[in-house]
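Chains as they are written, first to last, in our numbering: chain R, 568 to 963; chain D, 568 to 963.
Hint data in this document are derived by calculation from the structure and do not stem from the laboratory. Be aware that a few hints might be false.
Given that identical chains are not distinguished, each listed pair holds provided it fits within a single copy or across any two copies.
Listed below are the simulated DSS-like cross-link pairs for lysine-lysine, each with C-alpha atoms no more than 25 Å apart in a straight line [said to hold, decoys possible]:
hint	residue 1	residue 2
1	Lys767	Lys571
2	Lys690	Lys571
3	Lys883	Lys960
4	Lys571	Lys771
5	Lys737	Lys960
Please read all numbers here as calculations on a predicted model, not as lab measurements.
2 protein chains.
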Amino acid sequence: MIAKSMEPFLVGSSVIRAMFEEGKKMAKVFGEENVYDFSVGNPGLHPPKEVKEAINYINNEMDPHVVHGYMANAGYESTRQAVADNLNKRYGSDFDMNNIIMTVGAGSALNVIMKTVFDPGDKQVVFAPYFVEYANWARNYGAETIVVPPNEANGFEPDPEALKAALDPKVKIVIINNPNNPTGAIYSKETIQAIADVLKEAEKEYGHPIYILSDEPYRELVYVDREVPYIPDFYDNTLIAYSWSKSLSLPGERIGYIAIPKKSDNSEEFFNAAVVANRVCGDTNAPSLMQLVVERCMDAQVDIPYYEKNAKDLYKIVTDAGFDALVPQGAFYLWIKSPVADEKELVAAAKEERILMVPGSAFACPGYVRLSFCISNETIQRSAESFANLGKKYFG
Amino acid sequence: MIAKSMEPFLVGSSVIRAMFEEGKKMAKVFGEENVYDFSVGNPGLHPPKEVKEAINYINNEMDPHVVHGYMANAGYESTRQAVADNLNKRYGSDFDMNNIIMTVGAGSALNVIMKTVFDPGDKQVVFAPYFVEYANWARNYGAETIVVPPNEANGFEPDPEALKAALDPKVKIVIINNPNNPTGAIYSKETIQAIADVLKEAEKEYGHPIYILSDEPYRELVYVDREVPYIPDFYDNTLIAYSWSKSLSLPGERIGYIAIPKKSDNSEEFFNAAVVANRVCGDTNAPSLMQLVVERCMDAQVDIPYYEKNAKDLYKIVTDAGFDALVPQGAFYLWIKSPVADEKELVAAAKEERILMVPGSAFACPGYVRLSFCISNETIQRSAESFANLGKKYFG
Numbered sequence: 568m569i570a571k572s573m574e575p576f577l578v579g580s581s582v583i584r585a586m587f588e589e590g591k592k593m594a595k596v597f598g599e600e601n602v603y604d605f606s607v608g609n610p611g612l613h614p615p616k617e618v619k620e621a622i623n624y625i626n627n628e629m630d631p632h633v634v635h636g637y638m639a640n641a642g643y644e645s646t647r648q649a650v651a652d653n654l655n656k657r658y659g660s661d662f663d664m665n666n667i668i669m670t671v672g673a674g675s676a677l678n679v680i681m682k683t684v685f686d687p688g689d690k691q692v693v694f695a696p697y698f699v700e701y702a703n704w705a706r707n708y709g710a711e712t713i714v715v716p717p718n719e720a721n722g723f724e725p726d727p728e729a730l731k732a733a734l735d736p737k738v739k740i741v742i743i744n745n746p747n748n749p750t751g752a753i754y755s756k757e758t759i760q761a762i763a764d765v766l767k768e769a770e771k772e773y774g775h776p777i778y779i780l781s782d783e784p785y786r787e788l789v790y791v792d793r794e795v796p797y798i799p800d801f802y803d804n805t806l807i808a809y810s811w812s813k814s815l816s817l818p819g820e821r822i823g824y825i826a827i828p829k830k831s832d833n834s835e836e837f838f839n840a841a842v843v844a845n846r847v848c849g850d851t852n853a854p855s856l857m858q859l860v861v862e863r864c865m866d867a868q869v870d871i872p873y874y875e876k877n878a879k880d881l882y883k884i885v886t887d888a889g890f891d892a893l894v895p896q897g898a899f900y901l902w903i904k905s906p907v908a909d910e911k912e913l914v915a916a917a918k919e920e921r922i923l924m925v926p927g928s929a930f931a932c933p934g935y936v937r938l939s940f941c942i943s944n945e946t947i948q949r950s951a952e953s954f955a956n957l958g959k960k961y962f963g
Numbered sequence: 568m569i570a571k572s573m574e575p576f577l578v579g580s581s582v583i584r585a586m587f588e589e590g591k592k593m594a595k596v597f598g599e600e601n602v603y604d605f606s607v608g609n610p611g612l613h614p615p616k617e618v619k620e621a622i623n624y625i626n627n628e629m630d631p632h633v634v635h636g637y638m639a640n641a642g643y644e645s646t647r648q649a650v651a652d653n654l655n656k657r658y659g660s661d662f663d664m665n666n667i668i669m670t671v672g673a674g675s676a677l678n679v680i681m682k683t684v685f686d687p688g689d690k691q692v693v694f695a696p697y698f699v700e701y702a703n704w705a706r707n708y709g710a711e712t713i714v715v716p717p718n719e720a721n722g723f724e725p726d727p728e729a730l731k732a733a734l735d736p737k738v739k740i741v742i743i744n745n746p747n748n749p750t751g752a753i754y755s756k757e758t759i760q761a762i763a764d765v766l767k768e769a770e771k772e773y774g775h776p777i778y779i780l781s782d783e784p785y786r787e788l789v790y791v792d793r794e795v796p797y798i799p800d801f802y803d804n805t806l807i808a809y810s811w812s813k814s815l816s817l818p819g820e821r822i823g824y825i826a827i828p829k830k831s832d833n834s835e836e837f838f839n840a841a842v843v844a845n846r847v848c849g850d851t852n853a854p855s856l857m858q859l860v861v862e863r864c865m866d867a868q869v870d871i872p873y874y875e876k877n878a879k880d881l882y883k884i885v886t887d888a889g890f891d892a893l894v895p896q897g898a899f900y901l902w903i904k905s906p907v908a909d910e911k912e913l914v915a916a917a918k919e920e921r922i923l924m925v926p927g928s929a930f931a932c933p934g935y936v937r938l939s940f941c942i943s944n945e946t947i948q949r950s951a952e953s954f955a956n957l958g959k960k961y962f963g
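Bound conformation, chain R alone (with noise of 0.2 Å):
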């Protein structure tokens, strides 16, 4: 007996995963070398070494009763203080420890978030292409989402045109990825002062805040020379949610944090609403152990110039196949326009070809498809044959 509610996301249940499940299948018949699983986001890079280091030393040398057990819902102290200290130094903000909740990855930080902000009947607003869980993650909390259509015309950036005319006075939320997973763009300044001019005005008109939810695991992983721009400069009541998921190559371990800025409005009314909301959402607290180690690693990254490289020859193989594809700024995801109308027929002949990707379509912005070249370089150049004979079909 499973509740009519799940329907929906049983019917639409992850295009993305079930790409996962394909590609383990194929490897078995083909051999791994054999198929090239651009689909899922699951990092290649193995963590930098400070994280090994960082589990011996707490494993080894801290008080078991510590690393394991109960801390106060929010976090670990000392972790939240070394988080805020290293965006304060990175973006010159006022954080403290008072700011900062360690959550179950960057999904349950914007769990966390609409839970604490939404009720039945309320909106968010988010922008094509888009990640389709945010919408999933709305509805446990009633919200629905408006969807703003891809802006093609400007590389993908959301249009804040676009933005004022979703907008109503049921709005609490916009989410805002940058840099974006599936384009692979980095929003420009101009663009997030645009958002930030029609929201505060919005603000003033309904008289209450719409939040900024800023998603940003990505932050960190940029191939281009061009800021990030960090919201909360622009906008007072931006939310961060983030995770080490990228940048330390540690998806399975759900680790993650929100950032309340004290300039947000209410905000330590927020802060202690949204540590009840950490526990109602059913999670209690971040995990433990991995708290401490991130604690440990807060200048550690992977190697983010192999990312860069794969970024570039990619692009080359799949544009000197014939593609027409977006230069990745950031993130580890390609963004190719699909030659025909129907981006999942391009799939399927990709498939013949042992090339794995994502339609578009699964970030409601058919036409399009996404690779993750977040996967060994050695796989990436394996592939150009395969993307070679796949140009040949549809540009001769």
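Could you slot chain D onto chain R? The hints should help.
Frame of chain R, contents of chain D only:
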């Protein structure tokens, strides 16, 4: 701007957690050794040595991409098979890995099950005294909680007749927590059989399954010669939520599982839906390193005789002081009858003696208080004088 729907959570915000913070403050003022904090169930025993060994092995010998990367949303296949094998060995059950979902602790296990089962307007039944978070979690999915009043006459075992009276066609879940938090009781086979009989009849009458959600993080913590009934032996539609928080002293790590018996309604379909729910609830998967740790610690346990001695010693101290208490059979709680109707008076008087306890009203059972004895035996011994003083206030 905090959601109106958060208000009941904020007002009722965990009494237990407030005590936890209070205890830390008092320890600073009076010295840690002079505060007798029986408030939180934060296991005081160190994890067994197998945990440390497993972490060292996994961190230093295994592939970091496997250890920290994404796996199937349900968890590592090897971990799920190990859980299945362990259950089969102990209970003669027939689980395999496709009946097991690894979760972010038991809290998340319960949330995932609720998300899978509840449509808005559905109901669950709980037996007072009960862990109030059950009701908060159900509310996330639009479900209402029916509280069956405490069965004081029969050692707080659930009363099957009262359950019968509480049922209606909207009830989809009945939660059983055995060994029980907060009473320390172990429900008898006869009680479980009688509950199963009531529910089988109701399933027939209403024409749909009613799940027993068996929340059993205290399964191994037993201090008397009494078997903890394995509920799937009594009732097909039983879903198990487990956590290693207590048996391995890993409460901060958030590692647990859901077990879905093959004979439960539409078991396979339910498994698939629950895996999706695990993602839709925002957790994606259980923390990866800890999955691999528990896989290697299936037969390990904390030092249960230590808790058993605590149970005996605290029971003696408290009853010697004149209080009426239930003999703790399992879990790590002593349940005391308050000598005054408003047990918050007792809690306040105890605080004067630097004893922290949790009022029964936090479990929907006023007139009682809960003491956690998962602390050091030395603290329990040192608390004797304070309890004697407290007793004198009421019993002269």
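Results for each hint:
no. : hint            : in the structure
1   : Lys767 / Lys571 : between (39 Å within a copy, 23 Å between copies)
2   : Lys690 / Lys571 : both (22 Å within a copy, 15 Å between copies)
3   : Lys883 / Lys960 : within (18 Å within a copy, 83 Å between copies)
4   : Lys571 / Lys771 : between (39 Å within a copy, 21 Å between copies)
5   : Lys737 / Lys960 : neither (48 Å within a copy, 56 Å between copies)
Hint violations for this structure: number 5 only, all remaining hints satisfied.
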